[in-house]
Amino acid sequence: MSIEVISADTAPAELSALIDLVRQVTVDLPADREISAGSRFIEDIGMESVNRLMLMTLVEQEFGINLEAHMGALAEHQTVGDTAHFLTALRTGR
Amino acid sequence: MNFEELFSEAGRNASSQVSARRASGEDCTVTFEALLGDVDTLAGRLTAAGLAKGMQIGVQASNCYEYVLWDLAAIRIGAVIHAVPEELLAEKILAIAQSQPIALWAYEKAENFSTIANKVDLVDSLADAPLPVDRSAAPLADADLHTRVYSSGSSGYLKGLDISRRGTELLVADFIADFELGPADSHLIFLPLSNYQQRLSVYGCLWSGASFRVAKHTSVFQDLGRYKPSFIIAPPAIYENIHNLFGRASDAKEKYAGFLGGNIRFMITGMAPIRYDVLKSFNDHGFPLLEAYGVTETGMIAWNTMRKQRAGSVGQPIHPEHVQFTAESEIVINRPFPLSKGYFDSAEGDSANTFLADGTIATGDIGRLDADGFLALDGRKKEIIVTSGGAKFHPEEMERLLSAVDGVRHAIVVMAKNDSRLVSMLVVADATDSAVAASVEAAVRVINASVPAYKNIHRWVITATLPTIENGMLTRNLKYDRKGVYRHFQTQIEEHHVH
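Residue numbers (the working numbering), protein chains in the order written: chain A, 1 to 94; chain B, 1001 to 1499.
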């Protein structure tokens, strides 16, 4: 089990928005299943590659960013927290 | 449709448009007239370089404008496109280059072609420099050989298929007629052009005057809203995701319309079974979602259309006289011009098992016709796993990896019926030993990370029950009986619990 370290500069609002979007995409996930920064898309949440494409589409709409050039990098982020951190960096240009 | 007149027919709809990303990265939208001009330019370059009728052009690229250009230029001069899957690595490409007389390679990823001399970067498709054609490459003599493609066949391994020119023409003509394609249509193509189905769509659009966009699959959901197609062809996973998001909303119709762009006339699903509730939701809200069925070896076999449809079936056979059933209910096709002429590269026995001696083609699918002639599918003859995204592979691939884990005596992989997830039974000496369970689970996660997502094991059952003939989990040949394993562990397999 990997331990997820969330950088302090991941905005909590972005993490929470991303978790909301993950819930929208994975409607079959039991309501009591917790999704946190450390949740892994495949093993913990059970997402498939098409689910992740849909998630990225919603992220574009929600966050107002174009991810087309970053799909490769995004695919490498295995956890919700990691992805939120990446999105924060994209938005803030850091 | 016929290739002889494809370009003159496309020219009649000169203002219809193709849009795509160029190999250089920027997006373009050009008229059919401009496209045909580019095709002529490339065809001229190829001819000038010595590329003649029947010679093979290898192409490896993701979806882009130039892919369409090379395909059409090859048709123009009678060359044979040898379409290599975009994920194939350098060593495999080199093996093809060494075994096949490829006159010229057109590529996108330079790193896959470092040891090959006769090649051109797709970015330079319309440049002035002479093309390094290997003029000694022997042409293929068969005038009906249109192209060579690869398919992940029933064994889950890659097979090379020779595609028939006449078979293609007849199939495209059927599609245009049954779906009434015309210049008012617009089609979003996002599955790889290296899968032959997408090139058939290109020919259909050109012939009928339908505009089309060639996109990458990674942007499919965004492109739906941006391009606003009138029809799409997609695997069930695409529709299931859209349905999951909007299908239960009180304003689902509006949400579907917004997400799909608002111009949808019909949508086709195939490659794997689709959930009935998804099919029903789209159709109930006025977005015709039509299930279709075919295999690359034969071409399309059956489809639901706007005029004739039945949910839960794959439609009526396009040519009922071509469809036969064996005593085991396997669908066997007997048509004068099937899409494929045979395999040029396949595992031993594949050809004899598929292209039968009597001229018929075995699909490996079990099916039946209802009283009104609609075809229903009941599964694969073999136990190949087909994910909801249409990817195919044999469970043995994962079983080999899993059974190599310390402490695992047997690993059997099956697909759950309720959510199409892969579930593995892992037989260990003591299923109550939590330390063993923890180390096995850790090993499964490592394996999952090392394979494509569609092969990931989503749930596993740790058990001490050995498979035996007596408990139905082994066949008399001592092979895993996956149906028996499923029956034995059905409750755990279907349990909606993600580790």
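There may be inaccurate statements among the hints.
[Unchecked claim] Only some residues are given here: those of chain A computed to face chain B with a beta carbon under 8 Å: (1) Val50; (2) Leu53; (3) Met54; (4) Glu62; (5) Ile65; (6) Met71.
[What the hints assert, rightly or not] If you anchor each label on the Cβ, the simulated ranges turn out as follows: (7) B:Ala1110 <-> A:Asp32: 33 to 41 Å; (8) A:Arg33 <-> B:Leu1126: 51 to 59 Å; (9) B:Arg1487 <-> A:Ala69: 44 to 52 Å; (10) B:Asp1358 <-> A:Arg23: 48 to 56 Å; (11) A:Arg23 <-> B:Gly1342: 31 to 39 Å; (12) A:Arg33 <-> B:Lys1483: 38 to 46 Å; (13) A:Gly64 <-> B:Arg1400: 40 to 48 Å; (14) B:Lys1382 <-> A:Arg23: 50 to 58 Å; (15) A:Gly64 <-> B:Arg1265: 26 to 34 Å; (16) B:Pro1288 <-> A:Arg23: 43 to 51 Å; (17) A:Thr92 <-> B:Ser1008: 23 to 31 Å.
For the record, the hints were derived by calculation from the structure and aren't laboratory data. Glycine included, every Cβ here is placed at the ideal spot set by N, Cα and C.
Verification of the hints:
{"no.": "1", "hint": "Val50", "in the structure": "holds (4 Å)"}
{"no.": "2", "hint": "Leu53", "in the structure": "holds (6 Å)"}
{"no.": "3", "hint": "Met54", "in the structure": "holds (4 Å)"}
{"no.": "4", "hint": "Glu62", "in the structure": "violated (13 Å)"}
{"no.": "5", "hint": "Ile65", "in the structure": "violated (12 Å)"}
{"no.": "6", "hint": "Met71", "in the structure": "holds (5 Å)"}
{"no.": "7", "hint": "B:Ala1110 <-> A:Asp32: 33 to 41 Å", "in the structure": "violated (50 Å)"}
{"no.": "8", "hint": "A:Arg33 <-> B:Leu1126: 51 to 59 Å", "in the structure": "holds (53 Å)"}
{"no.": "9", "hint": "B:Arg1487 <-> A:Ala69: 44 to 52 Å", "in the structure": "holds (49 Å)"}
{"no.": "10", "hint": "B:Asp1358 <-> A:Arg23: 48 to 56 Å", "in the structure": "holds (55 Å)"}
{"no.": "11", "hint": "A:Arg23 <-> B:Gly1342: 31 to 39 Å", "in the structure": "violated (49 Å)"}
{"no.": "12", "hint": "A:Arg33 <-> B:Lys1483: 38 to 46 Å", "in the structure": "violated (30 Å)"}
{"no.": "13", "hint": "A:Gly64 <-> B:Arg1400: 40 to 48 Å", "in the structure": "holds (46 Å)"}
{"no.": "14", "hint": "B:Lys1382 <-> A:Arg23: 50 to 58 Å", "in the structure": "violated (38 Å)"}
{"no.": "15", "hint": "A:Gly64 <-> B:Arg1265: 26 to 34 Å", "in the structure": "holds (31 Å)"}
{"no.": "16", "hint": "B:Pro1288 <-> A:Arg23: 43 to 51 Å", "in the structure": "violated (30 Å)"}
{"no.": "17", "hint": "A:Thr92 <-> B:Ser1008: 23 to 31 Å", "in the structure": "violated (55 Å)"}
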